[in-house]
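> Generate coordinates for the entire structure from the input sequences, incorporating the hints supplied.
Keeping their order, the protein sequence lines are chains A and B. First residue of the first sequence: 1, per my numbering; consecutive thereafter. First residue of the second sequence: 1, per my numbering; consecutive thereafter.
You can take every hint at face value.
Quick list of the computed label-pair ranges, beta carbon to beta carbon: (1) A:GLU78 <-> B:THR137: 42 to 52 Å; (2) A:HIS176 <-> B:ASP19: 32 to 42 Å; (3) A:ASP134 <-> B:ASP19: 42 to 52 Å; (4) B:THR137 <-> A:ARG75: 37 to 47 Å; (5) A:SER208 <-> B:ALA91: 49 to 59 Å; (6) B:GLY234 <-> A:TRP237: 49 to 59 Å; (7) A:ASP134 <-> B:GLN200: 22 to 32 Å; (8) A:ASP81 <-> B:GLY234: 51 to 61 Å; (9) B:LYS151 <-> A:ASP81: 39 to 49 Å.
Just so you know, these hints were derived from the structure itself, not from any lab. We treat Cβ as the ideally placed atom computed from N, Cα and C, and that holds for glycine.
Number of protein chains: 2
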Amino acid sequence: MSRPSLFTVLSPSLLHLYDVKDAVVVVIDVFRATSTIAAVLHNGAHKVIPVDTVSGAIEIGQELGAITAGERDGRIAEGLDHGNSPLEYPATFIAGKTLVLTTTNGTRLLHMALRDGATTVITGSFANLGSVCDFITASGKNVLLCCAAWKDRVNSEDSLFAGAVVSAVSSHFTIHCDASLMAAMLYSSVKDNLWNFTQQTTHYHRLSRYGLQEDMRWCLTENIANTGVIYRDGALWRMG
Amino acid sequence: MSRPSLFTVLSPSLLHLYDVKDAVVVVIDVFRATSTIAAVLHNGAHKVIPVDTVSGAIEIGQELGAITAGERDGRIAEGLDHGNSPLEYPATFIAGKTLVLTTTNGTRLLHMALRDGATTVITGSFANLGSVCDFITASGKNVLLCCAAWKDRVNSEDSLFAGAVVSAVSSHFTIHCDASLMAAMLYSSVKDNLWNFTQQTTHYHRLSRYGLQEDMRWCLTENIANTGVIYRDGALWRMG
Numbered sequence: 001m002s003r004p005s006l007f008t009v010l011s012p013s014l015l016h017l018y019d020v021k022d023a024v025v026v027v028i029d030v031f032r033a034t035s036t037i038a039a040v041l042h043n044g045a046h047k048v049i050p051v052d053t054v055s056g057a058i059e060i061g062q063e064l065g066a067i068t069a070g071e072r073d074g075r076i077a078e079g080l081d082h083g084n085s086p087l088e089y090p091a092t093f094i095a096g097k098t099l100v101l102t103t104t105n106g107t108r109l110l111h112m113a114l115r116d117g118a119t120t121v122i123t124g125s126f127a128n129l130g131s132v133c134d135f136i137t138a139s140g141k142n143v144l145l146c147c148a149a150w151k152d153r154v155n156s157e158d159s160l161f162a163g164a165v166v167s168a169v170s171s172h173f174t175i176h177c178d179a180s181l182m183a184a185m186l187y188s189s190v191k192d193n194l195w196n197f198t199q200q201t202t203h204y205h206r207l208s209r210y211g212l213q214e215d216m217r218w219c220l221t222e223n224i225a226n227t228g229v230i231y232r233d234g235a236l237w238r239m240g
Numbered sequence: 001m002s003r004p005s006l007f008t009v010l011s012p013s014l015l016h017l018y019d020v021k022d023a024v025v026v027v028i029d030v031f032r033a034t035s036t037i038a039a040v041l042h043n044g045a046h047k048v049i050p051v052d053t054v055s056g057a058i059e060i061g062q063e064l065g066a067i068t069a070g071e072r073d074g075r076i077a078e079g080l081d082h083g084n085s086p087l088e089y090p091a092t093f094i095a096g097k098t099l100v101l102t103t104t105n106g107t108r109l110l111h112m113a114l115r116d117g118a119t120t121v122i123t124g125s126f127a128n129l130g131s132v133c134d135f136i137t138a139s140g141k142n143v144l145l146c147c148a149a150w151k152d153r154v155n156s157e158d159s160l161f162a163g164a165v166v167s168a169v170s171s172h173f174t175i176h177c178d179a180s181l182m183a184a185m186l187y188s189s190v191k192d193n194l195w196n197f198t199q200q201t202t203h204y205h206r207l208s209r210y211g212l213q214e215d216m217r218w219c220l221t222e223n224i225a226n227t228g229v230i231y232r233d234g235a236l237w238r239m240g
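Printed below as a string of C-alpha cells:
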C-alpha cells in the first residue's frame, strides 16, 4: 500500500496550491498562537475559541461568560482580559474554563483552511510536537503542514517546526516536496542551537522589543505542553 | 547612510507582498531557463527574447528569422528548433544570433514582475552568480531575489541560489527577511554537496527521467558562464 503524502506549505498565500479536503491540516503559529493554545489545553482548559477580531472576541466572551485574550502590537488589546503568552495560563487559573483567543496570522490560516473545505484541522508547535507526530502518523491520511507565517511572509520558526515534524515522521509518508526537504534540512542544521538561530529572525526582533524573550524560549521547548489539539464545532479541544 | 534592503521571494505567489518598483528584481530559474540564458549570452548571442507560449515563440521566430527554442515535458516543443539545455548553445553555434526562448516558470515570473512595475530586471543562476552579486551590490538599490519555483511551489535549487547570493552580499544590505536567512543557512549546509542534495529534490526526479543529469550538473556549477544578463525592451541582453 502506498504511503500517504506530506507537504509543507510555507505561507497562507501558497495554501491554494494544495488539496486540503482529504488531508490532516496542521496549523502552525509557533510565536505564539499555537504554542499558547497547547499550553492552555494542556493545563486543563475546557476549550479555546479562536476568533479573528478583538470585537468578535469581546462579543463571544460576554455571551459565554468566558475569559478573553489577545494582543495587538505586543499589548493586551483594549477590552480583553489577558494576553497571548503561554506563561499566563497555569492550571490553577485556566483549568475547566473556556478561553476566547484572538490572534492574527494563526486564526486567519485556520479559517482559510476551513473555508477551503478542510475537515481535519489540528494545531501544532514545538510545545506539542510529539502529539502532532503521533496523530498524523496514526491518521493514515495525507498531511499538510501549514505555516501561519507573518502577514504571508515566510518565517523561520514555523518552517523549523515543520522541519522537526518532517524529520520525525518521514518514514511514514511519501514526501515529494522541496519545502519539506528544506525545512527538515534547516531543522537538522540548527536544532542544537535553536535559540541562537532564532535571535537572527524577524519575529525575534519584533517580540524582543516587547520583552518576550522568556515566551519565545518556552515556545521553542519541545513537548513542554505535549497535548494534542483538534478543531471541532468552532473550537479547539484536547484530543482523545 | 542606511544600506538598501534585500528580500528573497520563494515563489511567484508571494511576489505581491513586496515592492518591485524601485528594486532590482533578480529572476531565478536554475533548472534551466536562467542558466541557459546565461550560457547563450555568455557564448555571444546577440539577445534572447523570452516568450510565454510555443505559438508565440514560433511567430516571433518567423518574424525575426531567429532561432527558436523551448521544451514541454522534457522534449523540444513541436514547431521549435532547439531545447532548453545550456549545452546546446556553444559559441560556434549561437554567437551573434537571436534566440527566441519559451519557458514556463521563469518567463511567467519575469512578466509578472514587469506587470507589477519593475524597472530593473536581471536574471540569475549559479552559472552567473558572480555577475549577479557584482551588479546588485554596485546598484545601491533594494533587491528582490525572486525564485521562479515550480508551478508556484517552492523549490530547492532556486532557493539555494538565492542563499548563495545572500551569503555573498549580506554585508552590503539590510536583510530583515527570514526567507533570506533560511536560504543562506540551507546553502551553507549543503554547498559542499550540492549535487548529492539535489538528488533528493522534486526537480531532480522530474528532469532525470529525461536523462538531464548532465544539464543539472552544469546548472549547479558556479560561474561557469559568468555573464550579467539584463532585461530591456522585450529582450535579455549581455550587461555592460
